[in-house]
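Starting from the known structure of chain A, arrange chain B on it as the hints suggest.
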Amino acid sequence: MSARRTKFYLDKRNRKWLGVCAGIADYTGVDVTLVRVGTVLLTMIGGFPWTIIAYLMVNWLADDKPGEFYDSSREEQKFWQTVRARPGASVRDVRAKFRDIDRRIADIEAHVTTHNSSLAREIDSLR
Amino acid sequence: MEDTLVPIVVVGILFIGLPWLIFHYVTQWKKNGGLTAEDERLLDDMHDMARRLDERLVTLERILDSQDPAWKPRTMTERARDEDWRRDN
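As you go down the protein sequences, you meet chains A and B in turn. Okay, so the first sequence: first residue is 1 according to the working numbering, each after it adds one. Okay, so the second sequence: first residue is 1 according to the working numbering, each after it adds one.
One chain only, chain A, in its complex shape:
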């Protein structure tokens, strides 16, 4: 079983305490500081033992983030965050990318095969 991209992991490398908040931030794309401040606020306005129990439960249940995911680029991380939130939208996104590529290849093809290409002009000038 290979590592899953859509699974929740603890982010042990960017952790402050056990890496749960960093993991949530990495999973959802919410800023990590915001997640931590939110957790602390929630604890202070009355969630006192429960947030800490939930934190420890998550720490116990979730796995650590596999090493190969740490060196994924910023763009890749953003892509997988949208996949987790809306898989359908990200599939359409990839299709749009391929359409764009198709159009640009068509442009290049049209340019290369057209009579006005620089090669044809140079051949003309040699005559």
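If you're looking for bench data, these hints aren't it; they were derived computationally from the structure. A portion of the hints provided could be inaccurate.
If you only want the chain B side, here are some residues facing chain A, beta carbon under 7 Å, derived [unchecked claim]:
| id | residue |
| --- | --- |
| 1 | Leu5 |
| 2 | Leu35 |
| 3 | Val58 |
| 4 | Trp71 |
Computed cross-link-like contacts, SDA-like style, restricted to lysine to any residue with a CA-CA straight-line distance of at most 20 Å [to be verified]:
| id | chain 1 | residue 1 | chain 2 | residue 2 |
| --- | --- | --- | --- | --- |
| 5 | A | Lys7 | B | Tyr25 |
| 6 | A | Lys78 | B | Tyr25 |
| 7 | A | Lys97 | B | Tyr25 |
| 8 | A | Lys78 | A | Leu61 |
| 9 | A | Lys97 | A | Thr114 |
| 10 | A | Lys78 | A | Ala54 |
| 11 | A | Lys97 | B | Asp54 |
A few chain B residues that don't get close to chain A, going by computed Cβ distances all over 12 Å [claimed, not checked]:
| id | residue |
| --- | --- |
| 12 | Thr4 |
| 13 | Val11 |
| 14 | Phe15 |
| 15 | Ile16 |
| 16 | Gly17 |
| 17 | Pro19 |
| 18 | Phe23 |
| 19 | Tyr25 |
| 20 | Val26 |
| 21 | Leu43 |
| 22 | Met46 |
| 23 | Met49 |
| 24 | Ala50 |
| 25 | Leu57 |
Even for Gly, the Cβ is constructed at its ideal location relative to N, Cα and C.
Same frame as chain A, now just chain B:
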């Protein structure tokens, strides 16, 4: 009258309404997040391939730009015409 009604309503909300709400969202979330490991690998491949093709195209376009700076505007108008054609048909 009210003494018997309030506990019934509260118990109804707690033991029927709340689990129903939670399961409603759980099923909705499962429906949306239905990406199997296979799908995930495919999507990863496609995304990676799109990125690599895009990089190659950027290189090609740069080469064409340097060879023949006049190529881009013409293809732009052609592309617009092409899209008009696609829309009309």
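Hint by hint, here is what the structure shows:
Interface restraint check: leucine 5 of chain B against chain A, minimum CB-CB distance 29 Å, threshold 7 Å, status violated. The interface hint given for leucine 35 of chain B is met, as the beta carbon of that residue sits about 5 Å from the closest beta carbon of chain A, less than 7 Å. Taking 7 Å as the C-beta contact cut-off toward chain A, the hint placing valine 58 of chain B at the interface is violated, the least distance being around 9 Å. Satisfaction of the interface hint for tryptophan 71 of chain B is found here, the shortest Cβ-Cβ separation to chain A being roughly 5 Å, below the 7 Å cut-off.
Straight-line distance between C-alpha atoms of lysine 7 of chain A and tyrosine 25 of chain B comes to about 18 Å, which keeps the hinted pair within the 20 Å bound. Straight-line distance between C-alpha atoms of lysine 78 of chain A and tyrosine 25 of chain B comes to about 24 Å, which puts the hinted pair past the 20 Å bound. For the suggested pair lysine 97 of chain A and tyrosine 25 of chain B, the alpha carbons sit about 32 Å apart, so the restraint of at most 20 Å is broken. The suggested pairing of lysine 78 of chain A with leucine 61 of chain A is violated, with an alpha-carbon distance near 25 Å, which exceeds 20 Å.
Using a Cα cut-off of 20 Å, the hinted pair lysine 97 of chain A and threonine 114 of chain A is violated, with the two alpha carbons roughly 26 Å apart. For the given pair, lysine 78 of chain A sits about 26 Å from alanine 54 of chain A by alpha-carbon distance, which is inconsistent with the 20 Å threshold. Distance restraint check for lysine 97 of chain A and aspartate 54 of chain B: the Cα-Cα separation of roughly 8 Å lies within the 20 Å cut-off, and the hinted pair is therefore satisfied. Listed as outside the interface, threonine 4 of chain B is consistent with that label: its C-beta sits roughly 31 Å from the nearest C-beta of chain A, beyond the 12 Å cut-off.
With a cut of 12 Å on Cβ distances, valine 11 of chain B stays outside the contact zone with chain A, its closest approach being about 23 Å. Look at phenylalanine 15 of chain B: its CB is around 20 Å from the nearest CB on chain A, clear of 12 Å, so calling it non-interface holds up. No Cβ of chain A comes within 12 Å of the Cβ of isoleucine 16 of chain B; the nearest lies about 23 Å off, and the non-interface call holds. Taking the minimum C-beta to C-beta distance to chain A, about 21 Å, the non-interface status of glycine 17 of chain B holds against the 12 Å cut.
Taking the minimum C-beta to C-beta distance to chain A, about 19 Å, the non-interface status of proline 19 of chain B holds against the 12 Å cut. Non-interface status of phenylalanine 23 of chain B relative to chain A is upheld: no Cβ of that chain comes within 12 Å, the nearest being about 20 Å off. Annotated as non-interface, tyrosine 25 of chain B keeps its C-beta farther than 12 Å from every C-beta of chain A; the closest such distance is 15 Å. The beta carbon of valine 26 of chain B is kept farther than 12 Å from every beta carbon of chain A, the shortest such distance being approximately 15 Å.
A beta-carbon of chain A is positioned within 12 Å of the beta-carbon of leucine 43 of chain B; the least distance is around 7 Å. Distance to chain A contradicts methionine 46 of chain B as a non-interface residue, since its nearest Cβ pair spans about 5 Å, not more than 12 Å. Distance check for methionine 49 of chain B against chain A: the nearest CB is about 9 Å away, which does not clear 12 Å, and the non-interface claim fails. With a closest Cβ-Cβ approach of about 4 Å to chain A, alanine 50 of chain B is found to fall inside the 12 Å limit, against its non-interface label.
Not every CB of chain A lies more than 12 Å from the CB of leucine 57 of chain B, the least distance being 5 Å, so the non-interface label is violated.
Violated hints for the displayed structure, listed by number in ascending order: 1, 3, 6, 7, 8, 9, 10, 21, 22, 23, 24, 25.
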